[in-house]
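J.: One letter stands for each residue in the lines below.
Protein chains: 4
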Amino acid sequence: MSKAKIAVNGYGTIGKRVADAVQAQDDMEIIGVAKTRPNYEAAVAAQLGYDIYTLADRVESFEKAGIPAAGTLDDMVEKADLVVDCTPGGVGESNKAVYEKAGVKAIWQGGEDHELTGFSFNAVSNYEGALGLDFVRVVSCNTTGLCRVIYPIDREFGVKKARITLVRRSADPNDAKKGPINAIVPNPIKLPSHHGPDVKSVLPNINISTMAMKIPTTLMHLHTINLELEKDCTAEDVKEVLGTQSRVRFVGQGITSTAEIIEVARDLKRPRNDMWENCVWDESITIDDGELYFFQAIHQESDVVPENVDAIRAMMELESDGAKSIAKTNKAIGL
Amino acid sequence: MSKAKIAVNGYGTIGKRVADAVQAQDDMEIIGVAKTRPNYEAAVAAQLGYDIYTLADRVESFEKAGIPAAGTLDDMVEKADLVVDCTPGGVGESNKAVYEKAGVKAIWQGGEDHELTGFSFNAVSNYEGALGLDFVRVVSCNTTGLCRVIYPIDREFGVKKARITLVRRSADPNDAKKGPINAIVPNPIKLPSHHGPDVKSVLPNINISTMAMKIPTTLMHLHTINLELEKDCTAEDVKEVLGTQSRVRFVGQGITSTAEIIEVARDLKRPRNDMWENCVWDESITIDDGELYFFQAIHQESDVVPENVDAIRAMMELESDGAKSIAKTNKAIGL
Amino acid sequence: MSKAKIAVNGYGTIGKRVADAVQAQDDMEIIGVAKTRPNYEAAVAAQLGYDIYTLADRVESFEKAGIPAAGTLDDMVEKADLVVDCTPGGVGESNKAVYEKAGVKAIWQGGEDHELTGFSFNAVSNYEGALGLDFVRVVSCNTTGLCRVIYPIDREFGVKKARITLVRRSADPNDAKKGPINAIVPNPIKLPSHHGPDVKSVLPNINISTMAMKIPTTLMHLHTINLELEKDCTAEDVKEVLGTQSRVRFVGQGITSTAEIIEVARDLKRPRNDMWENCVWDESITIDDGELYFFQAIHQESDVVPENVDAIRAMMELESDGAKSIAKTNKAIGL
Amino acid sequence: MSKAKIAVNGYGTIGKRVADAVQAQDDMEIIGVAKTRPNYEAAVAAQLGYDIYTLADRVESFEKAGIPAAGTLDDMVEKADLVVDCTPGGVGESNKAVYEKAGVKAIWQGGEDHELTGFSFNAVSNYEGALGLDFVRVVSCNTTGLCRVIYPIDREFGVKKARITLVRRSADPNDAKKGPINAIVPNPIKLPSHHGPDVKSVLPNINISTMAMKIPTTLMHLHTINLELEKDCTAEDVKEVLGTQSRVRFVGQGITSTAEIIEVARDLKRPRNDMWENCVWDESITIDDGELYFFQAIHQESDVVPENVDAIRAMMELESDGAKSIAKTNKAIGL
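Chains as they are written, first to last, in this note's numbering: chain A, 1 to 335; chain B, 1 to 335; chain C, 1 to 335; chain D, 1 to 335.
Some clues are possibly wrong.
Intra- or inter-copy, both count: the list cannot distinguish identical chains.
Within a straight-line C-alpha distance of at most 25 Å, the following computed DMTMM-like cross-link-like pairs (lysine to aspartate or glutamate) qualify [to be verified]:
hint, residue 1, residue 2
1, 64, 319
2, 190, 156
3, 239, 63
4, 178, 237
5, 190, 230
Keep in mind the hints are simulated off the structure, nothing from the lab.
Take the sequences, apply the hints, and build the full model.
T.: See the structure below:
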């Protein structure tokens with residue numbers, strides 16, 4: 001069987017990881033990545049062996065920079081079965097017409113609105129709903145992180161309501177422009193934040209309310225999670241349920257911070273020190289008077305990466321069973 | 001009437017502010033401050049005109065540093081009616097015997113346990129309970145900030161339960177040793193955190209649960225507050241109630257972060273850019289399905305300072321009415 | 001004698017400080033400040049009693065924000081003898097025509113080019129050259145900090161060459177947008193940096209070469225200074241010379257960082273915790289084989305403020321002797 | 001030929017990297033690593049297949065943590081031909097007696113004094129001097145970074161004097177305790193700093209003087225380098241010389257900061273995103289009036305790692321030619 005031909009439009013934080021994760025699978029392959037600027041990331045992409053495409057009016061600048069383009073964005077789209085759009089939030093929407101015209105399937109990221117595709121994807125929560133779809137949106141890093149724990153807990157114990165604070169990193173590690181350097185920025189100030197409704201785009205029946213802020217760190221987000229449950233249960237019961245989730249990882253062994261979580265990823269020789277799993281401090285899992293509390297850290301650069309692979313597999317109907325796709329994706333990337 | 005004679009033991013972040021705030025009142029005065037090291041803070045204290053005392057075995061080191069001590073800690077305690085103990089958390093407890101022996105009243109800060117004094121103080125919540133007491137504990141910056149809003153909201157609308165996340169600055173602005181530089185530290189990891197029980201030391205009937213972390217900023221803490229209310233009310237009703245609180249300040253006018261709050265304090269020429277009030281984003285106050293949500297920022301260096309002054313006034317029975325003491329304290333320091 | 005009428009165009013970090021410093025003098029007064037946005041800084045300005053002007057098309061937005069404007073920028077310029085332009089770097093240049101047309105004198109800040117005025121000012125270095133001039137540029141915080149120490153050392157010992165690294169704060173304390181959060185940014189990458197030539201705009205005969213970078217801090221810049229001297233001298237000789245400079249402050253007494261320097265300013269109750277002086281670690285002053293080495297910290301928000309006052313005094317010919325102006329300015333602001 | 005048996009005492013930032021780098025060579029192997037605490041790093045070490053040793057009184061705590069120790073430190077030392085001591089600075093010295101008693105060779109890191117071994121090592125500068133030695137000290141990350149560029153430039157053009165500022169990261173990425181969060185810390189305050197003499201422990205004839213500070217970043221150090229040269233040359237000449245150095249890497253292609261350098265290492269899938277080479281901005285290399293200027297960034301966690309491998313090879317006399325050892329080490333680790 002020939003592999004599904006996948007293109008990545010937008011080779012930044014998410015795009016470059018999706019490219020590598022797709023390339024690691026045996027049922028799909030990268031036929032090209034598109035980038036607008038011939039910078040160091042493009043140079044490494046070329047070194048890694050990817051065919052690089054760009055906008056028609058940028059071809060010359062790539063030539064000059066010594067990173068010749070294999071063609072234009074249109075050329076790349078034409079060769080693909082499916083495009084993963086990883087362009088910056090809000091930009092992706094304008095590419096829809098290009099993909100429709102070329103008759104290719106497409107995935108967008110969480111920076112776009114649910115309405116763009118009508119289907120918001122999280123592998124453990126609704127894989128089967130994406131089977132054969134043409135357009136799918138993989139939800140954001142924070143929403144992915146929330147769905148991964150709320151879905152199985154709701155299924156097992158019933159979630160009466162979810163009250164969550166998202167403490168967000170303000171810039172990715174390679175971003176030397178964005179701040180703040182020394183401040184806390186409630187964001188958005190108007191409450192509740194959009195993160196709750198975004199979770200409902202995947203899990204429509206959850207009563208969820210969220211508050212969010214940005215803080216001066218680059219490594220990971222931290223969520224404080226409070227869930228009122230329908231059924232009586234113990235912290236051990238919750239650990240058992242979360243313990244069955246391959247994309248939830250318990251952290252302990254003296255790990256006190258997001259910094260040490262990333263160090264584990266480095267020590268494990270994970271590519272780009274990616275921590276694809278939700279990192280839950282198992283010691284923090286507490287049931288008190290019918291309410292569940294815990295901390296989880298979310299690696300904003302990488303947690304959606306295996307989700308994109310699963311979304312491809314569902315849309316291309318390479319596998320009909322979500323659990324099997326998740327296992328296959330995980331194994332291929334070394335999760 | 002002669003002024004109450006107040007000594008400050010521990011001239012650091014809190015101690016130096018309490019000294020200035022006491023000195024600004026007309027019914028109490030500073031008769032000395034005690035410090036263990038003759039560093040730049042001691043030098044400025046001398047410049048500001050305070051009599052500096054130290055431990056018996058440190059007198060010589062002050063002499064050498066050109067900041068002669070007025071005497072020992074015991075000398076200072078003897079001259080005082082009341083000592084405000086601002087030594088580091090855990091140290092203060094061991095001073096109790098000294099104060100008892102000298103027959104002086106004493107106030108400790110929130111770093112000590114409730115049990116040390118049996119009375120935990122917050123001016124708006126329980127001023128009258130401190131009248132004439134010998135030993136009182138002024139609760140921590142975070143607990144003070146929580147009591148100031150929970151108490152009036154509970155009185156007006158009834159607080160069924162409080163679910164709060166505390167995002168804490170990791171070091172004060174003048175601390176160049178403590179980190180983290182780039183990490184989020186859930187702290188404590190075991191849940192719920194001690195902050196809830198600490199609020200109950202002042203407001204025993206509140207159902208409160210808290211989660212806390214430390215982050216790389218020095219300016220202020222941020223609280224995300226979620227209160228289930230007994231009575232129906234609107235965001236406007238809540239604003240009205242909080243608007244009556246002299247130690248709650250609404251922030252808006254383009255203020256997006258803790259950094260700009262501190263800039264307001266600087267622009268107002270507040271001493272040491274102190275923001276004694278809870279800073280609540282009024283735009284964030286939201287009622288949704290019987291639950292109240294808002295953000296508040298707490299200036300950890302200064303919010304307990306006026307509370308210490310009020311505690312002195314209650315313990316020395318200089319004023320029997322809490323509201324009058326609060327107004328008097330505020331006016332004297334320029335709040 | 002009537003006071004010189006001074007207007008401040010651009011009420012941001014520098015503008016608001018210049019306004020207060022001018023207002024503190026007895027031979028000049030603020031007749032208005034101009035601001036483009038009715039934000040919290042404008043609100044405090046109104047509270048402090050300044051007449052606020054704005055651009056003609058912004059008058060309405062001030063009205064709506066409850067901070068009514070006293071008139072337009074043109075109205076303000078018309079009433080002034082001299083305008084201190086504190087608009088962002090590069091913007092100020094375009095205002096020159098406005099000032100010329102109105103026939104008022106004007107001062108610009110270091111973000112503009114030397115050529116805009118033909119005279120770059122530093123009080124201790126060239127006060128007398130500014131007497132009666134119409135247009136003057138007060139050099140940047142870093143250049144001011146360098147001139148203040150290089151000028152007196154050159155006069156006394158001769159500076160054969162100056163080799164300096166400037167480690168710059170990346171954003172001011174109230175700026176929650178700019179980063180980096182966790183990176184060092186050599187800036188500019190091409191060497192040597194423009195700071196050397198800028199010093200030469202004040203001290204044309206100094207052989208100076210500089211390298212600069214931006215780092216994740218907001219409080220102060222740090223300079224590492226290496227000067228080859230013409231004459232033999234000792235560290236004590238250098239301390240003596242710098243000790244005569246009223247705008248150089250020695251730091252010691254356990255001060256290990258820029259954070260503790262700012263704490264001194266806070267403890268001294270300086271407005272906005274401003275540290276107008278160069279802060280030189282006297283313990284760092286070293287002579288080794290004819291070369292002088294030391295560290296100095298520069299408070300980017302405030303060191304040019306007294307310089308602006310002196311520039312006004314020179315341009316308005318209120319005082320012909322630089323040393324007298326410096327002393328008068330210092331005394332009025334409490335330096 | 002059997003491989004040289006290497007043990008690593010101290011499995012932290014440097015130790016774990018040296019273990020992996022040794023393991024990647026074909027003429028040496030790791031026979032064990034010693035660690036004092038059974039934390040997450042120990043758990044990953046076990047997962048990576050290393051035999052873990054510990055202090056006699058810690059064996060039980062490893063057992064309890066589910067990471068059984070293979071024996072005591074003494075057991076490990078006995079089995080080794082050479083121990084790489086990567087214990088914290090100052091601790092390593094006390095281990096010398098253990099190694100001497102067991103009759104094994106040993107390498108220490110730059111945190112120890114030169115006198116401990118009498119030979120300070122940098123591969124490109126003095127490989128041959130280490131041939132057959134029993135005890136060697138591999139110099140610190142900063143000294144290594146300086147020797148790598150000063151040595152070849154001195155050999156080619158003659159270095160009359162070196163004037164260098166070291167802007168140092170304050171904590172490693174996985175350290176959530178150390179600060180500062182928002183300050184610059186001149187360190188040491190007394191000048192010149194010890195880094196100059198440390199370079200002279202490798203290159204005794206260089207006239208070098210250094211100033212250093214700590215800043216709030218975790219990723220890399222930055223050096224501003226100013227060298228007076230004996231011979232006339234151009235920036236191109238310097239680039240040519242540095243271009244021949246396999247452990248010097250030029251950075252450009254839009255890279256503006258240390259953050260983007262680390263991103264390159266991540267994109268290249270370097271283990272733990274290590275950047276073993278000095279990173280020199282080639283655009284910054286400038287010759288002005290006989291003086292050379294440039295910026296280089298140094299990855300404190302990893303630049304000494306290949307140096308340790310070379311030191312082992314020299315001491316074990318596995319290769320007599322430094323250039324060949326360097327090439328072999330580089331190739332094996334993927335540099």
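J.: Cα distance capped at 25 Å. Does residue 190 pair with residue 156 within a copy, between copies, both, or neither?
T.: The answer is between: 24 Å across copies meets 25 Å, while 33 Å in one copy does not.
J.: Can you give me the call for residue 239 and residue 63, within, between, both or neither, at a CA distance of at most 25 Å?
T.: The answer is between: 24 Å across copies meets 25 Å, while 54 Å in one copy does not.
J.: Cα distance capped at 25 Å. Does residue 64 pair with residue 319 within a copy, between copies, both, or neither?
T.: neither (43 Å within a copy, 43 Å between copies)
J.: At most 25 Å between CA atoms: does that hold for residue 178 and residue 237 within a copy, between copies, both, or neither?
T.: neither (41 Å within a copy, 37 Å between copies)
J.: Is it within a copy, between copies, both, or neither that the alpha carbon of residue 190 lies no farther than 25 Å from that of residue 230?
T.: Between copies, since 23 Å is at most 25 Å while 29 Å is not.
Violated hints for the displayed structure, listed by number in ascending order: 1 and 4.
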